[in-house]
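Construct the entire structure; sequences and hints are all you get.
For reference, the chains in residue letters:
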Amino acid sequence: MQPLPQALPAPGPGGPRPAAPLLALLLLLALRGSAAAPAGSEGPQGSAAAPEGPQDSAWQRDSELPHGLLQRAARAALHFFNFRAGSPSALRGLAAVQQGRAWINSKKECQVDLEFTTEHYNPEEGEERLGKCSAQVFFKNEKPRPTINVTCTRFMEKSKRQQEDYLLYKHMKQLKDPLDVISIPDSHGHIDPSLRPIWDLAFLGSSYVMWEKTTQFLHYYMAQLSSVKQWKTDEDAIDFDYTVLLHEFSTQEIIPCRIHLVWHPSKPLKVKYHCQGPQAPEEASGIEEGSAAAPTTGLTNY
Amino acid sequence: MQGLLIFSLLLGAVLGKEDFVGHQVLRISVADEAQVQKVTELEDLEHLQLDFWRGPAQPGSPIDVRVPFPSLQAVKVFLEAHGIEYTIMIEDVQSLLDEEEEQMFAFQARAASTDTFNYATYHTLDEIYGFMDMLVAEHPQLVSKLQIGKTYEGRPIYVLKFSTGGNNRPAIWIDTGIHSREWVTQASGIWFAKKITQDYGQNPAFTAILDKMDIFLEIVTNPDGFAFTHSKNRLWRKTRSITAGSSCVGVDPNRNWDAGFGKAGASSNPCSETYHGKFANSETEVKSIVDFVKSHGNIKAFISIHSYSQLLLYPYGYTTDPAQDQAELDELAKSAVTALASLYGTKFKYGSIIKAIYRASGGTIDWTYNQGIKYSYTFELRDTGRYGFLLPASQIVPTAQETWLALQTIMDHTLKHPY
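As given, the protein sequences belong to chains P and Y, one line each in that order. Counting from 1, position 117 in the first sequence corresponds to residue 117 in this note's numbering; the numbering is continuous, with no gaps. Positions in the second sequence are counted from 1; adding 302 to them yields this note's numbering.
To be clear, the hints were calculated from the coordinates, so they are not data collected in a lab. Take the hints with a grain of salt, since some may be wrong.
[To be verified] Straight-line alpha carbon distances no greater than 25 Å define the calculated DSS-like cross-link-like pairs of lysine-lysine that follow: (1) Y:K649 x P:K132; (2) P:K107 x Y:K657; (3) P:K132 x Y:K651; (4) P:K140 x Y:K657; (5) P:K272 x P:K232.
[Said to hold, decoys possible] These stretches of chain P come out as covered by chain Y in the derived footprint (C-beta under 8 Å, 3 or more residues): (6) 182-195; (7) 220-231; (8) 251-259.
Just so it is clear, CB atoms sit at the ideal spot from N, CA and C, and this is done for glycine as well.
Written as structure tokens, this is what we have:
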């Protein structure tokens with residue numbers, strides 16, 4: 001079958017095709033393993049011709065990209081990618097956005113097509129390898145959980161990645177009960193090397209949360225692992241219950257989230273979470289400060 | 303938790319002259335309710351002088367207890383007789399305390415001079431204020447300390463003035479730490495202060511600047527917030543002022559200036575991180591600077607330093623209207639980030655606030671620019687989100703070094719383009 005530059009399996013939503021996002025989701029589930037596609041993969045995303053975006057005439061090419069939209073889309077795609085890969089030793093961070101286009105429709109839904117480079121989240125000494133990804137990110141109007149289709153070049157051999165994950169897994173099983181660990185990193189940005197795997201696993205779980213919460217106006221960083229509620233390694237999988245502080249950039253709010261994940265190398269990650277909504281104002285001076293949170297509607301994106 | 307207990311023991315040791323030689327900390331595992339009872343009985347035997355760090359609760363919960371040397375034998379025999387399992391968590395409490403004491407006091411030892419001061423670590427407010435006094439004492443001809451006001455909670459607000467003479471020379475203003483959680487900025491401010499005293503008379507380009515212009519450096523622009531990041535909440539951003547009618551605390555000092563105050567780009571919700579306050583300059587931390595700038599009247603460049611994002615920004619944030627001097631500001635920003643990148647390759651983007659980061663009203667440099675201070679810039683230092691506000695201390699000096707190159711570029715341009 002001839003690959004068509006614009007035959008994007010990703011959503012082309014808008015009036016006549018409401019089922020497209022669902023289809024895309026199904027495709028994504030089916031493509032779960034494609035996260036480690038070999039370099040130079042062909043197919044719609046890999047073609048040389050610039051994708052033309054949704055064919056539906058309800059879409060307008062967004063020439064005045066709100067600044068940072070491409071970055072936000074890239075980060076959302078990466079959060080999704082990291083979550084799907086389920087591999088704490090092969091986490092990726094954003095290096096640079098190379099090119100991107102956006103389309104917006106009358107319902108203010110926004111589709112972004114982009115290409116970006118990635119780097120290893122935990123680079124080894126002198127490691128400079130960059131990975132490359134292309135993604136379609138579909139933002140619903142100010143609603144979270146963007147639909148994402150992302151393909152990345154592989155920068156770690158699958159067997160090596162599995163090996164590293166398994167090493168991490170063994171290390172985690174040997175960790176003494178870290179329940180009294182609070183704050184990773186500490187105030188000075190320091191992470192004890194022995195606790196690094198906990199951070200990586202926490203970040204992996206947080207990736208799921210950050211993906212789900214991202215909209216075209218809101219994007220997140222993981223500021224701190226603030227406490228470990230439970231760390232169970234006696235069964236097969238690692239059962240990890242913890243709280244993180246997410247930093248939402250446009251509102252500058254700090255959002256505490258309780259996350260519970262179950263991880264085993266080479267099995268899909270299971271994550272449940274609950275983030276704090278708009279905070280009740282503090283009652284007394286003894287209470288841990290958290291800032292109030294969710295942006296109210298009606299605020300312009302800032 | 304354990305650290306805290308050790309510390310209080312240490313304090314006790316130092317103050318109460320107690321000694322813990324031979325004391326051990328046992329971790330007792332109780333298998334059932336009966337065993338919990340037995341250990342509780344132990345608790346009641348006062349002559350044993352047991353100190354429960356984690357008291358008996360229920361089966362499955364470990365019990366930690368410090369046992370003085372004279373009671374060790376008795377306690378162990380008791381536990382063994384009743385088949386209660388235990389392990390020795392700390393073999394000798396005193397030697398652990400000795401070790402920690404060394405570490406702790408080494409860490410906190412006051413530097414005797416700005417040459418022995420540790421620039422590669424984060425400091426407390428007291429330490430920074432101490433540093434300032436040392437610097438002034440070491441370079442009385444060059445550096446003086448001004449108090450420009452007091453914080454909401456009554457702390458003094460200090461600015462360092464670097465001057466080689468003259469009378470109200472054209473000046474450059476630099477502030478760091480207006481958002482208290484952005485720790486790399488205050489830490490860089492300290493480094494800048496030292497750097498100025500080192501480079502004057504040594505670096506020709508910089509000497510030329512300071513021979514003609516003064517530099518004002520406010521290292522801790524939000525002292526109340528900064529103290530709070532040490533004592534209670536490392537991620538606190540705002541001031542600590544109480545808002546009447548709300549139980550939320552603090553105003554965003556970078557939304558409180560009289561430039562587009564209250565417009566889109568700030569929040570009217572006191573619980574929000576970008577709460578603009580009840581009126582412009584409501585915050586004394588902001589008002590102090592406003593008063594200073596107005597009464598000085600000859601500031602030619604104003605640079606406010608934040609983190610994180612790696613951006614160099616110029617006005618405006620509250621409107622999409624371009625600044626009148628946009629072209630020049632853009633050109634200079636480009637040179638500055640090029641200089642910055644030359645050291646470690648750190649990439650900065652640049653542009654107007656509203657385009658490069660987000661709409662923000664009531665911001666510092668929008669106000670200073672509208673006052674006629676043409677070279678008004680905001681920096682967002684390292685990193686781009688990997689560590690964010692919790693930037694490892696090892697990155698303080700490299701960050702300060704590269705930022706200094708950008709600052710020099712701006713200062714140099716200001717010197718050569720008087721207006």
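A quick look at each hint next to the structure:
no. : hint            : result
1   : Y:K649 x P:K132 : holds (19 Å)
2   : P:K107 x Y:K657 : holds (24 Å)
3   : P:K132 x Y:K651 : holds (21 Å)
4   : P:K140 x Y:K657 : holds (23 Å)
5   : P:K272 x P:K232 : holds (16 Å)
6   : 182-195         : holds (count 7)
7   : 220-231         : holds (count 3)
8   : 251-259         : holds (count 4)
Checked against the numbered hints above, the structure violates none of them.
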